[in-house]
Amino acid sequence: MATSEQTVLQFAPTASSVTLSAKVHPLVVFNICDCYVRRPDQAERVIGTLLGSVLPDGTVDIRNSYAVPHNESSDQVALDIDYHHNMLLSHQKVNPKEVIVGWYSTGLGVSGGSALIHEFYAREVPNPVHLTVDTGFRMGEPAIKAYVSFNLSLGDIQLAAQFQEIPLDLRMIEAERIGFDILKTTMVDKLPSDLEGMEASMQRLLALIDDVYKYVDSVVQGETAPDNSVGRFISEVVASLPKLSPAVLDKLVNDNMQDHLLLLYLSSITRTQLSIAEKLNTAAQII
Amino acid sequence: MAAAPIARSFLQVAATEEVATPLRVVQIEGLVMLKIIKHCKEFSPALVTGQLLGLDVGSVLEVTNCFPFPIREEDEEVEADGANYQLEMMRCLREVNVDNNTVGWYQSTLMGSFQTVELIETFMNYQENIRRCVCIIYDPSRSSQGVLAFKALKLSDSFMELYKTNNFTGEKLREKNLSWVDIFEEIPIKVSNSALISAFMTGLEDDTPVTQCDYDRLQLSTNPFLERSAEFLIECMDDLSMEQQKFQFYHRNLSRQQSQQQTWLQKRRAENMARKAAGDEPLPEEDPSNPIFKPIPEPSRLDSFLITNQISNFCNQINGVAGQNFSRLYLMKALHEN
Chain G
19 MATSEQTVLQ FAPTASSVTL SAKVHPLVVF NICDCYVRRP DQAERVIGTL
69 LGSVLPDGTV DIRNSYAVPH NESSDQVALD IDYHHNMLLS HQKVNPKEVI
119 VGWYSTGLGV SGGSALIHEF YAREVPNPVH LTVDTGFRMG EPAIKAYVSF
169 NLSLGDIQLA AQFQEIPLDL RMIEAERIGF DILKTTMVDK LPSDLEGMEA
219 SMQRLLALID DVYKYVDSVV QGETAPDNSV GRFISEVVAS LPKLSPAVLD
269 KLVNDNMQDH LLLLYLSSIT RTQLSIAEKL NTAAQII
Chain Z
302 MAAAPIARSF LQVAATEEVA TPLRVVQIEG LVMLKIIKHC KEFSPALVTG
352 QLLGLDVGSV LEVTNCFPFP IREEDEEVEA DGANYQLEMM RCLREVNVDN
402 NTVGWYQSTL MGSFQTVELI ETFMNYQENI RRCVCIIYDP SRSSQGVLAF
452 KALKLSDSFM ELYKTNNFTG EKLREKNLSW VDIFEEIPIK VSNSALISAF
502 MTGLEDDTPV TQCDYDRLQL STNPFLERSA EFLIECMDDL SMEQQKFQFY
552 HRNLSRQQSQ QQTWLQKRRA ENMARKAAGD EPLPEEDPSN PIFKPIPEPS
602 RLDSFLITNQ ISNFCNQING VAGQNFSRLY LMKALHEN
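Those protein sequence lines, which keep their order, are chains G and Z.
Take 19 as the starting number for the first sequence in my numbering and just add one per residue.
Take 302 as the starting number for the second sequence in my numbering and just add one per residue.
Keep in mind the hints are simulated off the structure, nothing from the lab.
It cannot be assumed that every hint is accurate.
[To be verified] Subject to a maximum C-alpha distance of 25 Å in a straight line, what follows is the list of computed PhoX-like cross-link-like pairs (lysine-lysine):
hint : chain 1 : residue 1 : chain 2 : residue 2
1    : G       : K297      : Z       : K477
2    : Z       : K342      : G       : K208
3    : Z       : K473      : G       : K297
4    : G       : K297      : Z       : K547
5    : Z       : K491      : G       : K202
6    : Z       : K339      : G       : K41
7    : Z       : K634      : G       : K232
8    : Z       : K634      : G       : K269
9    : Z       : K547      : Z       : K595
10   : Z       : K473      : Z       : K342
11   : Z       : K342      : G       : K41
12   : G       : K115      : Z       : K339
13   : G       : K202      : Z       : K452
14   : Z       : K491      : G       : K208
15   : G       : K202      : Z       : K634
16   : G       : K111      : Z       : K342
17   : Z       : K595      : G       : K111
18   : Z       : K342      : G       : K115
19   : Z       : K473      : G       : K208
20   : G       : K208      : Z       : K339
21   : Z       : K473      : G       : K202
22   : G       : K41       : G       : K111
23   : G       : K163      : Z       : K473
24   : G       : K261      : Z       : K634
25   : G       : K41       : G       : K269
Just chain Z, with the same shape it has in the complex (with noise of 0.2 Å):
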């Protein structure tokens, strides 16, 4: 009786797996969290990146190591260096039974500014050998008030099929629907420890009331932060209206293109009238060789999504920064009126 319907059940869970689940959470251990912390802090402000290793279970991608990548340099051999030590770092973790399955990287960002071109194609790269894969990003400078600024991100799949494509013009992001906020999609994070290092951790630390972690939260000094936020704010905005006009600049060129192409087709028609009238063969309506029916290449909407998508962050990084600093006012006010 009871066989039966276990039986069944198992059946499905296969059946379930086949299908992909999507991800849903990223589990990190504080191992990785420590070791990321680690090599970003100790080479800021340069960025750095690292390779995540552990295990993909379902809708969990576990993330159970990591290892650091040494600054790469423009230089081929270096790279080629490069490979071989990812290679052999595998392998000796391998040895001493650390999961050996590349689930993604990290890499260190300065005031959120990761939206890159770059990051794009570093994750194609990744997509084409593991189905699966997520970038991690922390930012050291925002560790200094207090905060974990850890972030999992993944590319969202619509997007990914059209950038394979490499296509994008409006007509083929309209097709899609797809918009700038498509293209990065953020996963929650879970933090995991073994029960050995709870154990540690809790015999070892005494019950301190007052954290680093608490001091660094109740600094008063954040302008800084918020200055440069603005700033890069700012800039992005800069390149976002030069991104319109190349976009103006293409319209421009087109419509009148357009009217060129009108005219000459006029040209050409009342030519073939007085052809016709005359008894000749009309003349073809198109003329591939005259340069005005050329078609012009229409500008990557990419890179204006990427730079909106930096200002939003920035505009999430300000608000979040802002809301804190009004906490932090009013609770010095309420402290000096005591």
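Next up, chain G with everything else stripped away, as it sits in the complex (with noise of 0.2 Å):
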């Protein structure tokens, strides 16, 4: 490129490696909201580094963040370099598989500090990932992008650098594992036990089995047009219940039972056990 002796406009990718897409944990999603509820008094919006790795096909895969202090005035942005160091090395302390794979701000869409500090990133790390956060909720609705840069060059002369959106995956799985209802609302008093957690997914299940039959039932009375592909999913959803005899089945369910039977029996008998002997020992007391 340095040596080209035309003065040709061109885009050039930083990296050779286009990054095709971005993944975002939503540990990442609370980090930033948390350090943004956090923010110092003055401050327009917060930015930070972002850390994980870049998968083998190209996919940057955004584990983890930490917020970087700076001060931003009308044409120059102050990042606190030092401190962005010393939170890489102790980050890397407990997880040196991670690196720096971009940055972050809040707000919507690029702004004209944010070509300055994607600058300084991109000396850290080859075609970073640049992420906004739109914590001010201006679309009406919470909106979360990734772009990356493409240096506009005339010649050897840097004239400015595009900012390209790219594909963003959330990766909701974590957060689907505690469960939505926990991180939804802004309060939940007690954490739901084994058994509640059991009845609540029971539940949904029942609501969707009810769901299926209605669909069905509607579909044959002839009031919902029948549609192939959900027909479908039906009938393979009824196929991949194992066909078992009555009998086979009987046997089966009646075997696990018992063998959890016998486990809660031995739990029990070991905890009434301990229960005599902790009696045992405050008899001792009293005489």
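Both chains come to you apart, so use the hints to assemble them.
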């Protein structure tokens, strides 16, 4: 590029491997929101470093983040670089596999100062990802966007940087494991216990089965137009239940049941023993 | 008119605050939960720890942030490094306005076997600096069943006093009326999220009828988990019987020593009678140089207490999982009958 004699306006990706898409774990979103809530008085936005790894297929997996204090005036941005390096060292002590993959900022879209910060991060890591999280809800909905930048250069003179949006995938599996019910509300009084969670899941399953029943009934009665793909899904689901004769099933269920009952019995007997031992101990005190 | 009662109530508030209110609830932010889960899961099955930061407000302990510790190695240099890391991290987090107050620590556990002497020692270390601290225990192995296996623990006050004197003889325990159930106190956990996060989650998440959590919960194959719980239970039982043998050994030794002392005393008395009759000075009835008067140290009950705690923990776990499995089995049966 630098050796090129022609003065041609060209877009050049900063690295040979172009990022295809990005994956964001919910922890990052949580962290950014928390930092935004705790931002200093006059600060308009918070920015920070994104940690993660680049998967073999070019997808950027964003797994962690930390905020970096900064000062922003009309035409310049001061980033606390020492802080950034200290924090990076600390994070890498815990998890050396997580490296810088980019940076984040709150607010909608890319602003003027962003190019400067992006330049800084481009020196730390080739082809950084810029993640924006719209904490102000300016679009009326939460918008999280990821960008990579391309340099717009004239010969070897850098003219500008162009930010291009890349597809973003929110990896919600982790959050799902916790249960959205807990993360969605501002206050949950009690963690659901084993059986309560089970009950909720079963209720949901029952509701789903009911829905399917209703749908099938309405199709059979001719109220709803039949949809072949839905029908195929339903028959697949029904077929996924292994076909067992009632006798075999009974035996299976009963065997399993007895195993569990045995274990339950064992653990109850152990518990009884323990409480007897405890009572004996207290009885010895009285004497 | 109105000012007076208000002023009084402020006074009352001030007065009540001086009395240390017992810790009732641990309030965790969703962020902290996700962080703990991430850290524990990435390193599972290795056990990891980290520090909890937050605020102590009356009877509620708010946990608002946390950071992980690097995996510890048995090395002096590394240990100093770890302390540095901790300070550095706290300083850095303070700069971005995170609550800079240690309220405890978290650790991952395997199958719920966390009640160890090390845990108590860590507790005592923390307790020296922070009056109120909790330990949050997370079990990554259970989360694959759709269970949110978080537990907040603290040591009971009476146990702590006893531990400081390091005297776990039967007599002392009886005096304090302390039994194995009183070592740990479990504190109920509340989860809170900032309004911003809750708005984000509501906006980002499509209302899917089924979540990963449901899939996990309805898994039928929990037998490996139960098997391992039972294995651990059996191991604990072995340990407990070992402890009991130690104790029996002690008792046997003690009674043997007592009978030896008795015979020695009788002999000495008879000797003294003879000397008296002969007009000599009687010999003292105690002889500290004699080995049979050396007190035999009583074995500490702490280990057996901890093992008992673990056993009851495993029992609870087995009960819980077996209970879940019953519902699963009935569900499967019903599905097949349909």
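Each hint tested on the structure:
A threshold of 25 Å between alpha carbons decides the hint, and for G:K297 with Z:K477 the separation of about 15 Å falls inside it, so the pair holds. Proposed proximity of Z:K342 and G:K208 is supported: the alpha carbons are some 23 Å apart, at most 25 Å. The suggested pairing of Z:K473 with G:K297 holds, with an alpha-carbon distance near 17 Å, which does not exceed 25 Å. A distance of roughly 21 Å separates the Cα atoms of G:K297 and Z:K547; the hinted pair therefore holds under the 25 Å criterion.
Distance restraint check for Z:K491 and G:K202: the Cα-Cα separation of roughly 14 Å lies within the 25 Å cut-off, and the hinted pair is therefore satisfied. About 15 Å separates the Cα atoms of Z:K339 and G:K41, which keeps this hinted pair within 25 Å; it holds. The hinted pair formed by Z:K634 and G:K232 meets the criterion: a straight-line CA distance of about 22 Å does not exceed 25 Å. A threshold of 25 Å between alpha carbons decides the hint, and for Z:K634 with G:K269 the separation of about 11 Å falls inside it, so the pair holds.
Taken as a hint, the Z:K547 and Z:K595 pair is honoured in the structure, with Cα atoms around 19 Å apart against an allowance of 25 Å. Taking the CA atoms of Z:K473 and Z:K342, the gap is near 41 Å; set against the 25 Å cutoff, the hint is violated. This hinted pair checks out: Z:K342 and G:K41 have alpha carbons roughly 18 Å apart, not beyond 25 Å. Between the alpha carbons of G:K115 and Z:K339 the distance comes to roughly 14 Å, so the proposed pair stays at or under 25 Å and holds.
Among the hinted pairs, G:K202 with Z:K452 is consistent with the structure: their alpha-carbon atoms are about 21 Å apart, no more than 25 Å. For the suggested pair Z:K491 and G:K208, the alpha carbons sit about 5 Å apart, so the restraint of at most 25 Å is met. Pair hint G:K202 plus Z:K634 does not hold up; C-alpha atoms about 34 Å apart against a cutoff of 25 Å. About 17 Å separates the Cα atoms of G:K111 and Z:K342, which keeps this hinted pair within 25 Å; it holds.
For the suggested pair Z:K595 and G:K111, the alpha carbons sit about 52 Å apart, so the restraint of at most 25 Å is broken. Between Z:K342 and G:K115, the direct Cα distance comes to roughly 14 Å. Compliance with the 25 Å bound is thereby established for this hinted pair. The hinted pair formed by Z:K473 and G:K208 fails the criterion: a straight-line CA distance of about 37 Å is larger than 25 Å. Simply put, G:K208 and Z:K339 have alpha-carbon atoms about 21 Å apart, close enough for the 25 Å limit, and the pair holds.
Taking the CA atoms of Z:K473 and G:K202, the gap is about 49 Å. The hint is violated against a cut of 25 Å. Between G:K41 and G:K111 the CA atoms are separated by roughly 23 Å; this keeps the pair inside 25 Å, and the hint holds. Restraint check: the Cα-Cα separation between G:K163 and Z:K473 comes to about 64 Å, which exceeds 25 Å; the hinted pair is violated. Taking the CA atoms of G:K261 and Z:K634, the gap is about 12 Å. The hint holds against a cut of 25 Å.
Note on G:K41 and G:K269: the hinted pairing is violated, with a Cα-Cα distance of about 46 Å set against a maximum of 25 Å.
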